[in-house]
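Line by line, the protein sequences are chains A and B. The first sequence runs 1 to 103 under this note's numbering. The second sequence runs 1 to 103 under this note's numbering.
What you were told as hints is all true, and nothing was included just to trick you.
Identical chains share a label here; the pair holds if one copy fits it or two copies do between them.
Under the rule of at most 20 Å between Cα atoms (straight-line distance), these lysine to any residue pairs were calculated in the SDA-like manner: (1) 93 with 69; (2) 60 with 1; (3) 72 with 36; (4) 25 with 80.
These are calculated hints, taken from the structure and not from any lab test.
2 protein chains.
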Amino acid sequence: MNNIFAALPDNLDAEVFETLIDSDKLTVERIVSKGHTSPQTGWYNQESNEWVIVLQGEAKLVFENAPEEHLKAGDYINIPAHTRHRVSWTTPKQETIWLAIHY
Amino acid sequence: MNNIFAALPDNLDAEVFETLIDSDKLTVERIVSKGHTSPQTGWYNQESNEWVIVLQGEAKLVFENAPEEHLKAGDYINIPAHTRHRVSWTTPKQETIWLAIHY
Numbered sequence: 001m002n003n004i005f006a007a008l009p010d011n012l013d014a015e016v017f018e019t020l021i022d023s024d025k026l027t028v029e030r031i032v033s034k035g036h037t038s039p040q041t042g043w044y045n046q047e048s049n050e051w052v053i054v055l056q057g058e059a060k061l062v063f064e065n066a067p068e069e070h071l072k073a074g075d076y077i078n079i080p081a082h083t084r085h086r087v088s089w090t091t092p093k094q095e096t097i098w099l100a101i102h103y
Numbered sequence: 001m002n003n004i005f006a007a008l009p010d011n012l013d014a015e016v017f018e019t020l021i022d023s024d025k026l027t028v029e030r031i032v033s034k035g036h037t038s039p040q041t042g043w044y045n046q047e048s049n050e051w052v053i054v055l056q057g058e059a060k061l062v063f064e065n066a067p068e069e070h071l072k073a074g075d076y077i078n079i080p081a082h083t084r085h086r087v088s089w090t091t092p093k094q095e096t097i098w099l100a101i102h103y
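Excised from the complex, chain A in its bound form:
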């Protein structure tokens, strides 16, 4: 048993991605951000679908041709493959902890 809020990385110079499940059907990861935006340039444009939930902290997601979404603890969203998006803001005040399912 592990805890999603525990063992946060000491070094958050960059966002930290940790794989929790890696199977042929899906990948589940914990992402820890603190004031980061991503990707550095341009948009994410992924081959697979992504379902993502913010479990701690706050973040803003921008989708091409759509209003910005402000996610707080418990907010989740499904991002179909090839939906261009980016993380435009994460709070600098604390770690933002995401759980992401790529499928």
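Given chain A, put chain B in place with the hints provided.
Coordinates of chain B only, in the frame set by chain A:
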């Protein structure tokens, strides 16, 4: 965008299961318990793997031939297919909210 902690069911005579993702690769569901144990008799013995996290509340999971696990907010565990297990307790004090990934 939705929130995992919102829109809790009014009627919790039984545990409430809601599907958040249903694809050929995986199923993701929110489970809301309040004092329930499950299954009613015997063990869960599932065809697929299950990764489960408690996001609110508390629960106890029992595995065949293993000590009981007491899960609190943020605790997660992976349950391989055909691992016999049961939910032996959930707190009656508040809703326990689980996110379960079946894959």
